[in-house]
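Number of protein chains: 2
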Amino acid sequence: MTLPTPGFSFEVGAVDGAARTGIFRTPRAVVETPAFMPVGTQATVKSLTPEDVASTGARIILANTYHLWLRPGAESIAAHGGVVGFMKWPHALLTDSGGYQVFSLAKHRTIDEDGITFRSHLDGSLHRLTPEEAMRVQALLGSDVAMVLDECPPGKAPREEIERAMKRTSEWASRCLRTEPAEGQGRFGIVQGGTALDLRMSHLQTIAALDFDGVALGGFSVGEPTAQMYELLTEIAPAMPADKPRYLMGVGTPTDLLRAVQAGIDMFDCVLPTRNARNGQALTWGGRVNLRQARHRDDQSPLDTRCDCSTCTTYSRAYLRHLIKAEEMLGPRLVTLHNLHFYGALMREAREMIRLGKLGPWVEATLSRMHEEDEVGAPEG
Amino acid sequence: MTLPTPGFSFEVGAVDGAARTGIFRTPRAVVETPAFMPVGTQATVKSLTPEDVASTGARIILANTYHLWLRPGAESIAAHGGVVGFMKWPHALLTDSGGYQVFSLAKHRTIDEDGITFRSHLDGSLHRLTPEEAMRVQALLGSDVAMVLDECPPGKAPREEIERAMKRTSEWASRCLRTEPAEGQGRFGIVQGGTALDLRMSHLQTIAALDFDGVALGGFSVGEPTAQMYELLTEIAPAMPADKPRYLMGVGTPTDLLRAVQAGIDMFDCVLPTRNARNGQALTWGGRVNLRQARHRDDQSPLDTRCDCSTCTTYSRAYLRHLIKAEEMLGPRLVTLHNLHFYGALMREAREMIRLGKLGPWVEATLSRMHEEDEVGAPEG
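Chains as they are written, first to last, in my numbering: chain A, 1 to 381; chain B, 1 to 381.
Hint data in this document are derived by calculation from the structure and do not stem from the laboratory.
Everything numeric in this text was worked out from a predicted model, so none of it was measured.
Among these hints, one or two may not hold up.
Unchecked claim - Derived coverage of chain B by chain A (criterion: at least 3 residues anywhere in the stretch with Cβ under 8 angstroms from a Cβ of chain A; other residues may be distant): (1) 35–47; (2) 75–86; (3) 229–239; (4) 318–330.
To be verified - Taking CB as the label site, the calculated pair distances span: (5) B:Glu-75 x A:Arg-292: 14 to 24 angstroms; (6) B:Thr-313 x A:Ala-157: 26 to 36 angstroms; (7) B:Asp-123 x A:Gly-17: 47 to 57 angstroms; (8) A:Asn-279 x B:Ser-125: 20 to 30 angstroms.
What the hints assert, rightly or not - Partner residues are not named here, just some residues of chain A that face chain B (Cβ under 8 angstroms, in silico): (9) Gln-42; (10) Ser-47; (11) Ala-78; (12) Ala-79; (13) His-80; (14) Tyr-230; (15) Glu-231; (16) Arg-295; (17) Gln-300; (18) Tyr-319; (19) Pro-332; (20) Arg-333.
Glycine included, every Cβ here is placed at the ideal spot set by N, Cα and C.
Full structure from sequences and hints, please.
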C-alpha cells in the first residue's frame with residue numbers, strides 16, 4: 001500500500017488477532033514491523049557505533065530534534081547530508097518534533113496558539129518552535145520520518161486541558177502538512193487524548209483523516225497504570241488506519257511492547273533499554289538483572305543464557321558487574337548492546353510468532369518466564 | 001635466546017644504530033618489539049573491547065595490580081583464569097607491582113624495610129604490600145609478566161633519598177625472585193636512580209645481574225625535562241642487557257617513544273593515548289588535534305588522513321567534536337580507538353624502518369611533520 005509521500009509504502013503481511021507484521025519502506029530503507037527504534041538522542045545511540053546498533057537487528061532509530069537543533073545545529077548536520085550522514089547510520093531514521101524536550105528540558109517556556117518560546121537548557125539562548133519550524137528543522141536533519149509538533153499535556157491533566165491540547169495538536173498537524181514537504185521525508189501525525197477513551201477515539205478520527213504516512217499515539221506512559229494503557233490500546237490500536245504504520249511513542253518495557261504488539265501497534269521507541277543499561281540494569285529473557293547486586297560478584301555465567309549477542313557469548317556476569325561497579329565505560333556499552341539485542345530479538349520473535357499464528361501463547365509463556373526470574377527490588381551489594 | 005623463566009624467550013631481529021626489533025615470546029603469546037602496551041587499569045582498556053584493542057595492533061597490555069587487588073579482588077579474578085580470562089584478552093598481559101598506585105592513590109601509607117602499609121582509596125580498608133605479596137597477587141592475576149615491587153622516589157628527590165630507594169628496590173627485587181614462581185609467569189626487574197647517570201648505571205648493574213626475564217626503567221617521565229630523559233636513555237638503554245626486553249615504564253608521547261626506540265628501548269606503556277582521548281585530544285601523524293577547538297565544528301575531513309583506523313575512515317572531525325562537546329561516550333571510544341591505532345602504527349612503522357636501516361631519517365621526518373601541525377595551545381570554542 002503506497003503512502004501519501006512518494007517513495008513510502010506500508011504492506012501488512014501476516015495477521016494474528018489484532019497483531020500484524022508489516023514492511024515499512026522509505027526511499028532509503030526497509031523496516032520490518034513490529035519494530036523497536038533505539039533512541040539516538042544526540043545523533044548517537046549512547047556508547048554504540050551504528051554498526052553495533054545494526055547488529056542488534058534495529059533498522060530504524062530515533063533522534064531528538066530539540067537536542068540536535070541546539071547542538072551542533074541543524075544546518076551543520078544538513079551539510080553532512082543529515083543525521084544519517086553525520087553519524088553514519090545506514091538505515092532509517094525518525095526524528096521527533098522537539099516539542100517533548102521543550103516541555104521537559106527547556107527553561108521559561110511560554111506556549112501560545114502559534115508555537116512555543118523557550119530558552120535553551122544549554123546556554124539560555126532564546127528560541128521559538130512552531131509547527132513550521134519543527135518541519136524546517138527536521139527537513140535539515142534529513143530524517144526518513146518527521147513527526148508533527150504536538151502538545152502533550154501532563155498525565156494527570158484535567159479533561160478540559162487535554163481537550164485544549166488535542167485541539168491545538170490538530171491545528172498544528174494541519175499546519176505541518178501545509179509546509180513544503182522535504183525530499184524523501186514522510187510525516188506522521190500524533191493522537192493525544194490522555195486516558196479518556198472517548199477523547200482518544202475522537203482525536204484519532206481527526207488525525208486519521210489527514211494525509212499522514214503514519215499515525216502515532218502520544219501521551220502514553222506518562223504515569224498512568226500500565227493495565228490502563230493496555231486496555232486503552234486494545235480499543236484504540238485496532239481503530240487506527242490499518243494501512244499505515246501505527247507508532248506508540250515513548251513505550252516501553254518488554255511487557256509493554258508485547259501487549260501493544262498484541263493490540264496491533266507496529267512501532268516503538270523508548271530510552272529504557274539504553275538508559276537502564278547505563279545504570280547496570282539488563283533486560284533479559286529471564287526478566288530484569290541488576291548487575292549491582294552482590295549475587296553476581298562471582299557469577300561466571302552469561303547475562304542471558306538464551307541470548308546470542310556478543311556480550312552474552314563473551315563475558316561473565318561477574319565481569320560485567322565489575323565494569324559497572326568500577327564505573328568503566330565498557331560496562332554501559334556491553335549492557336546497552338545486550339539490551340538492544342534483546343529488544344531486537346523480542347520484535348523478531350514476535351514477527352515470527354504472528355506469522356505462525358502463535359503470538360498469544362508465546363507472549364504468555366515469555367512474560368511468565370520473565371516475571372518468574374525478575375530481579376528488581378533485590379538488595380544491592 | 002631463552003630467558004630464565006621456562007617458556008619465555010627474546011630474539012633480537014634487525015638492528016639499526018642502538019635500536020632493534022625483537023620477538024618476545026611468553027608461553028601464551030608472541031609480541032613483536034618495539035611494542036606499546038595500552039593501559040587496561042581495571043581489566044579494561046577504557047571504552048574498548050579486547051577485539052577493538054587487538055585491532056590497533058596491540059599484542060600486550062598492562063593492568064594495574066593495585067586496582068584489581070582492591071576491586072574485584074585477586075581471588076575473584078583467579079577464579080576466571082586470571083585477568084585475561086576475566087576480560088577475555090587473548091594476547092599477552094603485564095601487571096605492575098601495585099607500588100606506584102600505593103604511592104599515588106592510597107591513603108596514610110607508611111613504608112618500612114619490609115613493605116608498605118596503606119589504606120584503600122575506595123573504602124579506607126587497611127592493606128599491606130610487600131615484595132612477596134606483590135608476587136602472590138600478580139600470580140593470582142595470572143599475567144604473562146609480573147613486575148617486582150620497587151620504590152620510585154619523587155622526581156626532585158635529593159640524591160640520598162634516591163640512593164635509599166635504589167637500595168630498597170634492589171633488596172625487594174631479590175626477595176621477589178626468591179618467591180615460588182607462578183606457572184607461565186615471567187618477572188621483570190626495575191632500575192631506579194632518578195636523573196643521575198652514575199646512580200642509574202650503578203643500579204642497572206645490580207638489577208642486570210639478577211635472574212629476570214626483562215629489565216625495566218622506572219622513575220622516568222616524573223617531571224624531568226624530556227631532553228634530559230632522552231640524553232640519559234642514550235647512555236642507559238644500550239647498557240641494559242641486550243638479550244632481554246628493555247621496558248621504559250610510564251612513557252610517553254609519540255616523540256618520547258621514537259627517541260626511546262632510537263636509544264634501544266623495546267617496550268612502553270602509558271595512559272596518555274587513552275586518557276587524552278577522553279579529553280578530546282587525538283594524537284595523529286599531523287601532531288595533536290584538540291577536538292574541542294571551534295575550528296573543527298564544520299570540518300568534514302577525517303581526524304587523520306594518513307590513518308586507516310575505523311574512526312578515521314568513517315567519521316568526520318565535526319562529528320567527533322560534536323560527541324566530545326556533548327559528552328557522549330562514543331566520543332572517547334572512537335578517539336581512544338584512533339589514538340591506540342596510531343600508537344600501534346607508530347611502533348609497526350618503527351619496526352619496519354629498523355629492518356630497512358632507515359630509522360633515523362624516518363624519525364626526523366615523522367617528528368617534524370607532527371610538530372608542524374601540532375594544535376596544542378590553540379584556543380578552544
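Comparing the hints with the structure gives:
1. 35–47: holds (count 5)
2. 75–86: holds (count 4)
3. 229–239: violated (count 0)
4. 318–330: holds (count 10)
5. B:Glu-75 x A:Arg-292: 14 to 24 angstroms: Roughly 21 angstroms apart at Cβ, these two residues keep to the hinted range, so it holds.
6. B:Thr-313 x A:Ala-157: 26 to 36 angstroms: Violated, at about 50 angstroms.
7. B:Asp-123 x A:Gly-17: 47 to 57 angstroms: holds (55 angstroms)
8. A:Asn-279 x B:Ser-125: 20 to 30 angstroms: holds (26 angstroms)
9. Gln-42: holds (5 angstroms)
10. Ser-47: Holds, because the Cβ-Cβ distance from A:Ser-47 to chain B comes to roughly 4 angstroms (cut-off 8 angstroms).
11. Ala-78: violated (11 angstroms)
12. Ala-79: Cβ of A:Ala-79 sits 6 angstroms from chain B, so the hint holds.
13. His-80: OK, holds: A:His-80 within 8 angstroms of chain B, min 6 angstroms.
14. Tyr-230: violated (34 angstroms)
15. Glu-231: Interface hint status for A:Glu-231: violated (38 angstroms vs cutoff 8 angstroms).
16. Arg-295: Status violated, d = 14 angstroms.
17. Gln-300: holds (6 angstroms)
18. Tyr-319: holds (5 angstroms)
19. Pro-332: holds (7 angstroms)
20. Arg-333: At 7 angstroms from the nearest chain B Cβ, A:Arg-333 passes the 8 angstroms test, so the hint holds.
Hints 3, 6, 11, 14, 15, 16, counting from the list given before, are not met by this structure.
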